[in-house]
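2 protein chains.
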Amino acid sequence: MEEPAFQDIINSLSGCFGCGRDNEKGLRIRSHWEGDEGVCRWMPEAHHRAGEGFINGGVLATVIDCHMGCTATAAAYKAEGRELGSGPELVYVTASLQVDYLRPTPAGQPVELRASIRQINGRKITVACSLRSGGEETVRGEAVFVRVDS
Amino acid sequence: MEEPAFQDIINSLSGCFGCGRDNEKGLRIRSHWEGDEGVCRWMPEAHHRAGEGFINGGVLATVIDCHMGCTATAAAYKAEGRELGSGPELVYVTASLQVDYLRPTPAGQPVELRASIRQINGRKITVACSLRSGGEETVRGEAVFVRVDS
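Just so you know, the sequences run in chain order Y and C. Numbered continuously in our numbering, the first sequence closes out at residue 150. Numbered continuously in our numbering, the second sequence closes out at residue 150.
It should be emphasised that the hints constitute simulated quantities derived from the structure, not laboratory data. A portion of the hints provided could be inaccurate.
Put simply, identical chains are the same to the list, so a pair is met inside one copy or across any two.
Said to hold, decoys possible - Restricting the straight-line Cα-Cα distance to at most 20 Å, the calculated cross-link-like pairs of lysine to any residue (SDA-like) are:
(1) K124 x G51
(2) K25 x H47
(3) K25 x G15
(4) K124 x R103
(5) K25 x G108
(6) K25 x A5
(7) K25 x M43
(8) K25 x A107
Kindly produce the complete structure, drawing on both the sequences and the hints.
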């Protein structure tokens, strides 16, 4: 049986365009821990293209943002020694996002994202992410997430 | 008759998820000049949400990126004293993108984006963008685009 993804457990985002398990027109990314890294493997659909043969940069920013956000949320539970999804719910939103496009990312093949927690500072979590296609790094992201539950 | 948008003329991006006029599952943004500003008004669909009631941050990054990219392309033609779309075609891609989320952007109502050219330096163009919802600024973006046609 497949291991549950962060997105199977984080209920506040179940309808999200990027990571919501219930959004049928969304990207439906799935993330999980591999050691200390949040890992996501995602296959683009034909309409996620930019120009001919490449994935749209905004779609890649969406995958990176949502994967890092879910990893940040999972890390926040872990830092408190709690099971992901146990109440009261921790909710994080993106405060800022930086994406560097190193080279075009080919359409029609999967991408792999690896996110690592850089810093947990009060209600802020900083995360970095590398996205690879066919083993080659094509995009790098970094973001700050802020806790908004009361 | 409605004025043609940049996206009606830029053929290399006609299938793009963010700005392609022919991508039926895409965001299909439309941008035009108002003075020196590139302006885009865009209405999200229900599935572009994040949590309940707000637009997904990655979708907003996509709208901002594609609107700034099309504005950069239009500015490059203008800087050469040429009609947008006249041959040979100028093609720009995003090198880096920074997005700051100032506050949540409500779903179910249009957003307005205003982009201005910060610098044209050889094959690089830097653009800044402000996104408003109901008159209030909710997101700011900045990006560097690089010319890739030979």
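Out of the numbered hints, which ones does the structure contradict? No hint contradicted; all consistent.
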